[in-house]
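K.L.:
With these hints in hand, go ahead and build the complete structure from the sequences.
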Amino acid sequence: MSIATRTIRKMFHLPTARPGARCLVPERLISQLIPGPGRITLITGASGGGKSRLLQEMKRRDAGAARWIDPRTIELPDQPVIDIAARAVPTAGGADAIAAALELLSRVGLAEAWTYLQKPARLSDGQRWRLILALAVAQAKNGKKHGHMQEAQQTDDSAATAIIAMDEFAALLDRVTAAVVARALRRLTDRSAVLGAVVVTSHDDLFAALRPDVHVVCDFGSVRIVHPPSAAAQNSQGRQRNNRQQNSCDNQVLLE
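Our numbering puts the first residue of the sequence shown at 774, with every later residue one more than the last.
These are calculated hints, taken from the structure and not from any lab test.
There's no promise every hint is true.
Okay, the calculated beta carbon distance ranges per label pair [to be verified]: (1) GLY809 x SER775: 45 to 53 Å; (2) ALA777 x PRO1002: 23 to 31 Å; (3) PRO810 x ARG901: 21 to 29 Å; (4) PHE980 x ASP898: 17 to 25 Å; (5) SER775 x SER879: 55 to 63 Å; (6) SER897 x MET784: 35 to 43 Å; (7) LYS892 x GLN805: 40 to 48 Å; (8) GLU876 x SER775: 53 to 61 Å.
All values derive from a computational prediction rather than experimental measurement.
Where a beta carbon is used, it is the ideal one built from N, C-alpha and C, also for glycine.
P.N.:
See the structure below:
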């Protein structure tokens, strides 16, 4: 290690493990992080600390038990917001579709009449985020996908749990708008019998707005639950046991 790299580590209090270092995580811990209906898991930590790898492992461990929805795959066509939303809701069309679309949009905080007539390019970043969230919720409820606005085949069990997985959540939004979107997501999951969510972010200011059921921190080679307190205590005890059994990989998953 050069003098310069040692100086940087000391200056910024960086861990000795490099970003992307291997991390052994108990299988039971990963299972605890997969949210059921009405629940949100928040994953935080510095960039490169292992958040996205943990999310990928959660999806793999779930093994198709739930439908995972990535809002980043949702594309917004060059159409008015009301038309986009009306095509997303499972109705016969006409007035019913418009009413359902208005309800969907209002649930994510898009409630201004003028907004309904705008195309996505004319919306603010926060409004586009809320529109994408609305489409993700519609997809969770009925299995309709919105990439290029083409319908996917309906899932066999429309009541199965759907998990919205939001990596780099609201990363480009100002923090006030990010909190607004987080509160909208919390309201949506609270009111749904099928919807859960995983929020991944390097920001640490969304806990109050999101009110997650589980909060886990990834920190360059370690994964620890910090909320709820009971799970955090169990996780701490588990880490102590793992430290005493470092040479054993039984029932552990390697994140790399």
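K.L.:
Does each hint fit the structure? Answer for all of them.
P.N.:
So, going through the hints one by one against the coordinates:
1. Range check, GLY809 to SER775: Cβ separation about 49 Å, and the 45 to 53 Å hint holds.
2. Between ALA777 and PRO1002 the C-beta distance comes to about 41 Å, which lies outside the given range of 23 to 31 Å.
3. At roughly 27 Å, the beta carbons of PRO810 and ARG901 sit within the given window of 21 to 29 Å.
4. Taken as a hint, the range 17 to 25 Å holds for the pair PHE980 and ASP898, whose Cβ atoms sit roughly 22 Å apart.
5. Between SER775 and SER879 the beta carbon distance is about 57 Å. The supplied range of 55 to 63 Å therefore holds.
6. For SER897 and MET784, the Cβ-Cβ distance of about 38 Å falls inside the hinted range of 35 to 43 Å, so the restraint holds.
7. One distance hint, 40 to 48 Å for the beta-carbon pair LYS892 and GLN805, holds here, with the actual separation near 42 Å.
8. A beta carbon spacing of about 60 Å between GLU876 and SER775 agrees with the range 53 to 61 Å that was offered as a hint.
Of the hints listed earlier, the one the structure fails to meet is number 2.
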